[in-house]
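Trainee: Okay, here's what each chain looks like letter by letter:
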Amino acid sequence: MDRFINGRINWPGIIFILLILVVWEVWAMIADSFYFPRASAVALTIVEDWGNLWAATLDTLRRAAIGFAIALVTMLPLGIVLGRVRVLGEIVEPVLEFFRPLPPIAVVPLAIMLLGIGDAAKLVVVVWGASFPIVINTIDAVKVQDPMQARLARSLRLTTWERMTMIDLPAALPRIFAGIKLGITVALLLTVVSEIIVSTNGLGDYLRIAQSDFSMTRVMTALIVIAIVSVIVNGATNWANRRLLDWHYRRSALAGRQ
Amino acid sequence: MLLLARRTFGLLIFLVIWEIVTATGLVSPDYMPRLALIGAAIWAFVTSGDFWLNFFATVQRMLIGLSVAVVIAIAVALVAARFALLRRALEPITDILRSLPPPALVPLLIFVLGITPALFYFVIIFGCMWATYISASNALSTVEPVQVNTAKIYGLTDWQILWQIRLPAAMPEIFTGIRLSASVSLLATTATEMLLGGQGLGAMIYNAGFSLLWDQMYALMFIIGLLGIAMNFLVAAVRYPLAGWQSRYSAMGAAA
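If you read the protein sequences in the order shown, they are chains A and L.
Position 132 (the first sequence) corresponds to 132 in UniProt numbering; numbering is contiguous.
Position 156 (the second sequence) corresponds to 156 in UniProt numbering; numbering is contiguous.
Bear in mind the hints are in silico, worked out from the structure with no lab data behind them.
Treat the hints with caution; some may be incorrect.
According to the in silico footprint, chain A covers these stretches of chain L (three or more CB under 8 Å from chain A) [stated by the list, open to error]:
| # | segment |
| --- | --- |
| 1 | 109-120 |
| 2 | 185-195 |
| 3 | 198-211 |
Quantities reported herein were computed from a predicted structural model and do not represent experimental measurements.
Cβ atoms here follow ideal geometry from the backbone N, Cα and C, with glycine treated the same way.
In isolation and in its complexed conformation, chain L is listed as follows (with noise of 0.2 Å):
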């Protein structure tokens, strides 16, 4: 509760110097306008039908493309943690895919794909898969020796060995990588519509900044954080069930 109230605490003073350094006038009122002019554009936002399809198009875009790379990202470390030989032939090319930013990608895939969702979900997926394939490819190979060594002993084929003792094990890892895809594909989400334009949060933003609707534009990356927000949230509240294990077992330990 306390710590509760420390948190909030800190979010207050910034709203407070916020107000201080707007009302008092020392930053132009047209660069940083007053919180209640930002409060009320994000009310007009909330209660106007346009500005939820705009939402949704961004979350089902960031949301689809982000589940479909986990679970590419997931398949392939698996087939790699069974051949070692995969694993090490796909090191040198994903240390180079995964560098380049995914807007990138962009103006090479508009002439193949033209701007349709696939092309937005192309640049997502591709962002978003290198994070969860790399700590995932990474964890199933780490693996404590001595549990995979008993399951040899009880007999387990290689392939139970990976889905039922690597598999569990990595999940902890697994989901930081995962907990970093998600970021970024709240990312090249927002990026490929600033480029692209059409629907969506980045479409938006992109607008209300070029168009000097300052409070809009505010009131935009307010919302874009609290998606990000609720983006942790919810990698948290899968992670729970699969990977809550290990939360429990190292507080176990803390408390003995």
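If we strip away everything but chain A, and leave its shape as in the complex, we get (with noise of 0.2 Å):
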């Protein structure tokens, strides 16, 4: 039992996911209303409107990615000058601290209105949602210092440049992917809804037609997809995390060892 639930693969969650298609598929038969498509003609549609839906997925993932790529070249820098130069930090950050409250969706109309409905505008909201978590984790994980590790590099007299990449980048590098990690769902899921706001093309703006044209079978085929999709970067992004950091997380399962 206990292998069962605790197992590598984990099956109760394998099973309750089956379940509740199956649920889902007796239920909407049973109801046989217009608002509640059945598990099975959603899967039909996948498969129907394979096209379509892929050019929308391409064109989602697209601009996330270049609104993520944006948001980090620009604010790892600059959460790493924050971090480090701290007079700079302690002047900038209430200002960065002021705008994180803000949500990013607000800034859609402004956008809208500057550079239009089409890619640009889309991408600005994209990139002001990525940027915070990105730059305000780098310039926390570059301020903690272990004083330790900085002791023993006086000790070992390391030259600053061996100290930053030797002890300072890897002490920092945790931290920083969390940012990224978290700035990649933000940017994912600001990219649908942007989309759906402002629609040229994409998952948000298949969705908004399906629910315009009051198909309700493709406006759950669609939300399926964009759940699919993150579901499956999510997966990348912390399967790359874990590859990268392995040797944190290996010292980590060690500590709670112990």
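Combine the two chains into a complex, taking the hints into account.
Mentor: Structural data, given as structure tokens:
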């Protein structure tokens, strides 16, 4: 029983999802309502409308990736500088803290008015949203320093460059990656939302068109595809994170066992 | 005191840069109004009753949605912490559901629920539940084994251990989740209001933006930003009596 629950493959979870699908199918069959498409109908739509869905998915992913890349390239160096140069950090951080609670959605009308409904407007929203987790986590990551490690570096007479690459960077990586992971999730989420509000193409647009066509099956299909895409993207991020920070997780697993 | 001066200094520099950019006409004043204009717009809002109606509509949706979501999330997490089978069964489905952007549910639910308060609350609760649930269920299942074993020696039942040992120990991490949920609730509320119109700050900013009322739009962005800060303070205020022991505890370690 314990192997079944805590095994490497999460059987209870898989069975639970299958159960939900079966209940959904049966319930929809009994209800036979326009508002409640059957699971099989949604699956059929995914197969039949594959061409459109795939194109929409690519549009969404491309936009999310570009937005995230811009945020990463600008915010990572900024975060390092702000975290390292005390004075600068103390001055700029309150400004960041002030803008952070502003929901990225609130930037949408501004972005549309300035940049029109093209890609640029949506990218601004995505970049805005993805920037905060990255920059704030990076600042925190490079600011906090283990005093023992700093002393060790001095004892070993490491040069500044050696210290930065061999001690500071690895020490800051887990926290920076936490920010990057959050940034990726936010980027994808905001891409879809901004596509719903200002649509030209992408999964958000697919969803909105399905809604205005009163096609419940396609609305449901779009939701399922959005969920699948984000699960895959998040899973890939987690996998890369574990690969790159293997040493970190091994150490904390060790500490947990003591 | 010095810290406070430095903190306001940063915001002051930001305002000065804004004023320089707009005053010199570097950016057309149509797009970036002068600070005085934005200030006037804020003042006009604050003195009008209509604004407060919208303001409280948003605040009400946000607070009720957040509270219900937090209660549901912690309740489910508690039961899941007690029964490992349930916790594992819920893992993949929470991964799937939490990756759905809350506003994406609007097109589906609009058919089922219509434009009713129920629709707003459903989207908001659905949106903010996950962050709290995930951190709560993580924290509840990774409590210091020594504490749990001690409780067992004292003959506490499983439910007592859960309620008296695990829940208090998990509180700090749960509040990290609640803080995330709070920011999601603001986002979900304004986004839903933007999509559905009617009352609320989200609908107001949408209308202001598309009517090219720039000063009003910046004023509303400023007010929503303040609302976000207020939410953070509120969560911190609730956190203090429930999980404040942790900061006092770690401060003790630093002093020793």
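Trainee: The structure should be examined with respect to each hint, and the outcome stated for every one.
Mentor: Evaluation of the provided hints:
Interface restraint, the segment 109-120 of chain L with chain A: holds (3 residues with C-beta to C-beta distance below 8 Å; minimum three). Judged by the Cβ-Cβ criterion of 8 Å, the segment 185-195 of chain L is covered by chain A as claimed, because 6 of its residues qualify and three suffice. Given as covered by chain A, the segment 198-211 of chain L passes the check, having 6 residues with a CB less than 8 Å from a CB of that chain where 3 are the minimum.
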